[in-house]
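*Asks:* Generate the whole structure from the sequences, applying the supplied hints.
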Amino acid sequence: MAQTMETMKKPGAQPTREDKSRGSLQRGENLWGIAFVSPMLIGVIILVLFPILATLVLGFADWNFVQGWDGIQWVGFQNFRQLLEDDMFIKSVRNNILFLLTVPVYMVISMTLAILIDRFVYMKGYFKVAYFMPYISNIVAVAVVWQVLFQPSYGPINEILRTLGMSNPPKWIADPNFALISIMLISIWISIGFNLIIYIAGLQSIPKDLYEAADIDGANGWTKFRRITLPLLSPTSFFLLVTGIISTFKVFDIIAVMTQGGPIGSTTMMVWYLYDTAFVNLKVGYASSIAAVLFGFVMLITLGQWAAQKKWVNY
Amino acid sequence: MGTRVGIDWRKLIVTIAMFAVSILFLLPFIWMLVTSFKVERDVFVYPIQWIPREWNAIQNYKEVWFGDYPFYLYYWNSVKVSILTTIISAMVSALAAYGFSKIRFAAGNWLFIIVLVTYMIPGQAILIPQFILYRNIGLFDNHFGLIMLGSFSVLGTFMLRQFFMGVHQEFIESAKIDGANHPRIFWSIALPLVKPAVATYAILRFIWTWNDYQNPLIFLRTDGLFTIPLAMQKFTSLSGEFYSLIMAAAVSAIFPLLIVFIIGQKSVIEGIALGGVKG
Chain X
13 MAQTMETMKK
23 PGAQPTREDK
33 SRGSLQRGEN
43 LWGIAFVSPM
53 LIGVIILVLF
63 PILATLVLGF
73 ADWNFVQGWD
83 GIQWVGFQNF
93 RQLLEDDMFI
103 KSVRNNILFL
113 LTVPVYMVIS
123 MTLAILIDRF
133 VYMKGYFKVA
143 YFMPYISNIV
153 AVAVVWQVLF
163 QPSYGPINEI
173 LRTLGMSNPP
183 KWIADPNFAL
193 ISIMLISIWI
203 SIGFNLIIYI
213 AGLQSIPKDL
223 YEAADIDGAN
233 GWTKFRRITL
243 PLLSPTSFFL
253 LVTGIISTFK
263 VFDIIAVMTQ
273 GGPIGSTTMM
283 VWYLYDTAFV
293 NLKVGYASSI
303 AAVLFGFVML
313 ITLGQWAAQK
323 KWVNY
Chain R
12 MGTRVGIDWR
22 KLIVTIAMFA
32 VSILFLLPFI
42 WMLVTSFKVE
52 RDVFVYPIQW
62 IPREWNAIQN
72 YKEVWFGDYP
82 FYLYYWNSVK
92 VSILTTIISA
102 MVSALAAYGF
112 SKIRFAAGNW
122 LFIIVLVTYM
132 IPGQAILIPQ
142 FILYRNIGLF
152 DNHFGLIMLG
162 SFSVLGTFML
172 RQFFMGVHQE
182 FIESAKIDGA
192 NHPRIFWSIA
202 LPLVKPAVAT
212 YAILRFIWTW
222 NDYQNPLIFL
232 RTDGLFTIPL
242 AMQKFTSLSG
252 EFYSLIMAAA
262 VSAIFPLLIV
272 FIIGQKSVIE
282 GIALGGVKG
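Residue numbers (the working numbering), protein chains in the order written: chain X, 13 to 327; chain R, 12 to 290.
What the hints contain is simulated information worked out from the structure, not anything from laboratory work. For each residue, glycine too, the CB sits at the ideal point set by N, CA and C. It is possible that part of the hints are untrue.
[As the list claims (entries may be wrong)] Some chain R residues judged to face chain X by a derived CB distance under 7 Å, without partners named:
(1) M43
(2) L44
(3) V45
(4) Y109
(5) G110
(6) M131
(7) I132
(8) Q244
[Unchecked claim] 35 Å max Cα-Cα, derived DSBU-like pairs, lysine-lysine:
(9) R:K22 with X:K140
(10) R:K91 with X:K262
(11) X:K140 with X:K262
(12) R:K277 with X:K322
(13) X:K140 with R:K245
(14) R:K277 with X:K183
(15) R:K245 with X:K262
(16) R:K22 with X:K220
(17) R:K206 with X:K236
(18) X:K236 with R:K277
(19) R:K91 with X:K140
(20) R:K73 with X:K295
(21) R:K245 with X:K103
(22) X:K136 with R:K245
(23) X:K140 with X:K323
(24) X:K322 with R:K91
(25) X:K183 with X:K140
(26) X:K140 with R:K187
(27) R:K73 with X:K183
(28) R:K73 with X:K220
(29) X:K220 with R:K245
(30) R:K277 with X:K136
(31) R:K245 with X:K295
(32) R:K277 with X:K262
(33) R:K206 with X:K262
(34) X:K140 with R:K206
(35) R:K22 with X:K136
(36) R:K277 with R:K206
[What the hints assert, rightly or not] Label-pair restraints from in silico Cβ distances:
(37) X:F77 with R:W198: 41 to 49 Å
(38) X:D221 with R:Q60: 30 to 38 Å
(39) R:I188 with X:L43: 16 to 24 Å
*Replies:* Structure below.
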């Protein structure tokens with residue numbers, strides 16, 4: 013991203029005084045430029061830019077899909093005030109914040125696995141594919157399998173736990189106290205492959221002679237990890253942390269397929285609640301205010317990322 | 012480094028340990044596959060039968076594909092939507108990427124900033140207006156609308172732009188002197204040079220579209236238009252307790268991606284590593 017920002021400054025910085033033929037050349041360039049980027053630009057304006065503005069506007073309305081355009085009532089900040097007192101919304105935000113815990117967990121696991129795969133194993137290709145399988149698999153198919161595996165009374169996981177001597181294994185996604193944790197575990201399981209691949213790429217960009225120099229100085233494995241691997245992986249870690257945090261705010265599929273926010277609202281999350289409010293309860297205005305809050309969260313993280321990047325990351 | 016003779020024992024031990032851990036990632040898939048071959052009453056037999064004692068594979072898959080529920084139709088829908096989205100998205104992205112990197116035009120900067128800003132907008136924050144828009148312009152509940160939603164990926168533009176920037180400007184300039192215009196340069200010089208990147212992006216886009224659950228859920232209503240993930244979920248709720256059938260459907264849903272992934276494994280992994288991209 014930083015790279016894109018820098019290289020952006022180049023085009024367009026054209027001198028203004030030009031002779032006639034250069035002028036017409038530049039006009040040609042302008043036309044071609046517009047022509048090449050316009051399909052993307054038009055698509056993005058209609059399908060992204062216009063909708064985000066509409067979301068922010070609709071957040072101030074009280075409106076139901078079935079009422080038609082005449083049914084719109086502008087209510088100022090009422091939706092946002094209501095959100096602050098809405099138990100389900102607060103629960104959703106709380107669950108979103110709890111879900112953040114998955115990010116450091118799968119990052120640590122992925123980094124460990126990546127180092128082992130990169131340096132200490134045979135058959136690297138097999139491991140990359142094996143750990144990557146959950147990421148490329150259809151979430152619905154994966155969710156269905158886990159649903160069955162986690163089945164409380166006769167599912168394989170609880171059968172195994174009972175064999176191991178646990179007389180009363182948890183009911184997993186059927187139990188309000190365990191449902192969110194179960195979803196988080198599955199989410200970690202899915203995310204490891206992606207993080208692992210990025211970490212392996214990060215490891216491969218560390219110059220080997222740094223380790224050789226450290227060997228000559230008699231550094232042990234732990235020191236090499238602390239002084240070379242960890243700092244030089246920090247851009248990778250930072251990138252994964254930010255994209256990981258942002259992706260927790262977008263969690264939807266797994267909730268929609270496995271729990272529908274239940275049991276008794278224990279796994280509701282912001283996007284699920286948004287979906288439920290807008291497309292099940294048809295409260296468009298209220299749902300738009302949730303969307304605006306979601307947008308705000310993601311914006312804050314993105315801007316925070318830009319500010320923090322310079323400070324934390326060792327290049 | 013010294014020459015290595017024989018087996019590195021430490022490496023072998025780590026490999027075995029890692030293999031044990033990798034089972035954790037594969038086991039659910041193996042269970043899925045094995046269960047899809049079983050007769051229903053054997054599904055929950057414990058200890059788990061990793062080799063079915065009674066094979067019912069053909070009947071299970073026949074029931075899923077050609078039974079009451081036409082899986083082949085959803086397959087066709089998914090193939091159609093995924094391929095068209097992939098082609099259009101790759102084309103639109105490549106054109107824009109070339110425009111933003113190889114043509115110096117007046118508003119280029121500003122237009123690129125617009126594209127950059129949209130990259131930060133989470134897709135779910137714009138679902139409601141997209142839905143209203145689609146209802147009003149007749150794109151709701153049809154494949155064309157669904158394809159359009161996946162076709163304007165800013166991510167693809169960024170990814171390919173990095174590669175076009177690697178194409179030397181001299182190539183472009185000398186082609187211009189020879190009288191070639193931009194479409195010609197794009198098609199016969201620049202695009203062939205970044206073909207591997209386009210292929211990588213196309214594979215990723217195919218996987219994401221094939222697996223997309225959220226957009227079909229919101230933008231499709233008619234059963235006959237459903238793509239695999241939606242059909243899969245509906246099948247699950249209809250078949251209720253018939254887990255052997257559900258698993259046969261799940262295997263069918265994952266199988267084509269597995270093929271795409273195994274064929275394009277190198278490009279997928281490199282593409283992900285390179286762009287650090289996420290669907």
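*Asks:* If a hint holds in the structure, say so; if it does not, say that too.
*Replies:* Status of each hint after checking the structure:
Against a cut-off of 7 Å between C-beta atoms, the interface hint on M43 (chain R) holds, since the closest Cβ of chain X lies about 5 Å away. Checking L44 (chain R) against chain X: minimum C-beta separation of about 10 Å lies over 7 Å; hint violated. Interface hint status for V45 (chain R): violated, as the beta-carbon distance to the closest one in chain X is roughly 11 Å, over 7 Å. Here the hint on Y109 (chain R) is kept, as its CB sits about 6 Å from the closest CB of chain X, short of 7 Å.
With a cut of 7 Å, the hint placing G110 (chain R) at the interface with chain X holds, because the nearest CB-to-CB distance is about 3 Å. With its C-beta approaching chain X no nearer than about 5 Å, M131 (chain R) sits inside the 7 Å limit, and its interface hint holds. Interface hint at I132 (chain R): satisfied, since its Cβ lies 5 Å from the closest Cβ of chain X, which is below the 7 Å cut-off. Among the interface hints, the one on Q244 (chain R) holds; its C-beta lies about 5 Å from the nearest C-beta in chain X, closer than the 7 Å criterion.
Taking the CA atoms of K22 (chain R) and K140 (chain X), the gap is about 17 Å. The hint holds against a cut of 35 Å. Between K91 (chain R) and K262 (chain X) the CA atoms are separated by roughly 27 Å; this keeps the pair inside 35 Å, and the hint holds. Pair hint K140 (chain X) plus K262 (chain X) holds up; C-alpha atoms about 26 Å apart against a cutoff of 35 Å. At most 35 Å may separate the alpha-carbon atoms for a hinted pair to count; K277 (chain R) and K322 (chain X) meet this at roughly 32 Å.
Restraint check: the Cα-Cα separation between K140 (chain X) and K245 (chain R) comes to about 32 Å, which is no more than 35 Å; the hinted pair holds. Pair hint K277 (chain R) plus K183 (chain X) does not hold up; C-alpha atoms about 40 Å apart against a cutoff of 35 Å. In summary, the hint linking K245 (chain R) to K262 (chain X) is supported, as the alpha carbons are separated by about 23 Å, within the 35 Å threshold. Between the alpha carbons of K22 (chain R) and K220 (chain X) the distance comes to roughly 19 Å, so the proposed pair stays at or under 35 Å and holds.
For a cut-off of 35 Å, the pair hint linking K206 (chain R) to K236 (chain X) is broken: about 39 Å separates their Cα positions. Under the criterion of a C-alpha separation no larger than 35 Å, the hint pairing K236 (chain X) with K277 (chain R) is consistent with the structure, at around 29 Å. Our distance criterion of 35 Å between C-alpha atoms is met by K91 (chain R) and K140 (chain X), whose separation comes to about 29 Å. Simply put, K73 (chain R) and K295 (chain X) have alpha-carbon atoms about 43 Å apart, too far for the 35 Å limit, and the pair is violated.
Restraint check: the Cα-Cα separation between K245 (chain R) and K103 (chain X) comes to about 28 Å, which is no more than 35 Å; the hinted pair holds. At most 35 Å may separate the alpha-carbon atoms for a hinted pair to count; K136 (chain X) and K245 (chain R) exceed this at roughly 38 Å. At roughly 32 Å between alpha-carbon atoms, K140 (chain X) and K323 (chain X) fall within 35 Å of each other, so this suggested pair holds. Between K322 (chain X) and K91 (chain R) the CA atoms are separated by roughly 45 Å; this puts the pair beyond 35 Å, and the hint is violated.
A distance of roughly 32 Å separates the Cα atoms of K183 (chain X) and K140 (chain X); the hinted pair therefore holds under the 35 Å criterion. Taken as a hint, the K140 (chain X) and K187 (chain R) pair is broken in the structure, with Cα atoms around 44 Å apart against an allowance of 35 Å. Between K73 (chain R) and K183 (chain X) the CA atoms are separated by roughly 34 Å; this keeps the pair inside 35 Å, and the hint holds. Between K73 (chain R) and K220 (chain X) the alpha-carbon distance is near 54 Å, which puts this suggested pair outside the 35 Å criterion.
Pair hint K220 (chain X) plus K245 (chain R) does not hold up; C-alpha atoms about 52 Å apart against a cutoff of 35 Å. A hinted pair counts as satisfied when its Cα atoms are at most 35 Å apart, and K277 (chain R) with K136 (chain X) qualifies at roughly 12 Å. Under the criterion of a C-alpha separation no larger than 35 Å, the hint pairing K245 (chain R) with K295 (chain X) is consistent with the structure, at around 25 Å. For the hint pairing K277 (chain R) with K262 (chain X), the CA-to-CA distance comes to about 28 Å; that is within 35 Å, so the pair holds.
Taken as a hint, the K206 (chain R) and K262 (chain X) pair is honoured in the structure, with Cα atoms around 32 Å apart against an allowance of 35 Å. About 24 Å separates the Cα atoms of K140 (chain X) and K206 (chain R), which keeps this hinted pair within 35 Å; it holds. With a C-alpha separation of about 12 Å, the suggested pair K22 (chain R) and K136 (chain X) falls inside the 35 Å cut-off, and the hint holds. A distance of roughly 15 Å separates the Cα atoms of K277 (chain R) and K206 (chain R); the hinted pair therefore holds under the 35 Å criterion.
Under the hint 41 to 49 Å, the C-beta atoms of F77 (chain X) and W198 (chain R), about 45 Å apart, fit the expected range. Here the CB-CB span from D221 (chain X) to Q60 (chain R) is close to 53 Å, at odds with the stated 30 to 38 Å. Between I188 (chain R) and L43 (chain X) the beta carbon distance is about 19 Å. The supplied range of 16 to 24 Å therefore holds.
Violated hints for the displayed structure, listed by number in ascending order: 2, 3, 14, 17, 20, 22, 24, 26, 28, 29 and 38.
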